[in-house]
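Going by this note's numbering, the residue at position 45 of the sequence shown is 45; the numbering climbs one at a time, nothing skipped.
Simulated from the structure, these hints should not be mistaken for laboratory data. Among these hints, one or two may not hold up.
Unchecked claim - Below are the DSSO-like pairs computed for lysine-lysine, each with C-alpha atoms no more than 27 Å apart in a straight line:
1) K43 with K83
2) K83 with K66
3) K35 with K56
4) K83 with K56
5) K43 with K56
6) K35 with K83
7) K43 with K66
8) K35 with K66
9) K56 with K66
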Amino acid sequence: RTGSSKRHTSSNYVPKPYRRNDTVRVLEIYEIDEKIIRNRLIKGSVTTVELLQEFKSKIGHHHTEKMVDAIALVVRRLNVHRKTIDDRLHLCIYMREKSAPWTDH
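Required output: the full structure, derived from the provided sequences and hints.
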């Protein structure tokens, strides 16, 4: 077969237009909910890839692109602290009395 591959690489990936209904449907189907993601981020710092892998291991590799959009939607709703360490985006939620996991105490 000739033509471009459907496989996404970081250099040629262009996200599809945002469709909220699909994302909400994925959240409902896979029971990805704000509470689950919030609890995971409160436990400690996690990279975006690790967060996605945790959900993939629980629900399989179906609809990965839609799952990424669904998790991103929830992360946007939460007050998540972001920090790039060694070219990887780390996310966490911490209470005011606690410091972020990547800061020195």
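Quick rundown of the hints versus the structure:
no. : hint         : result
1   : K43 with K83 : holds (16 Å)
2   : K83 with K66 : holds (24 Å)
3   : K35 with K56 : holds (17 Å)
4   : K83 with K56 : holds (23 Å)
5   : K43 with K56 : holds (19 Å)
6   : K35 with K83 : holds (22 Å)
7   : K43 with K66 : holds (25 Å)
8   : K35 with K66 : holds (19 Å)
9   : K56 with K66 : holds (12 Å)
The structure meets every hint from the earlier list without exception.
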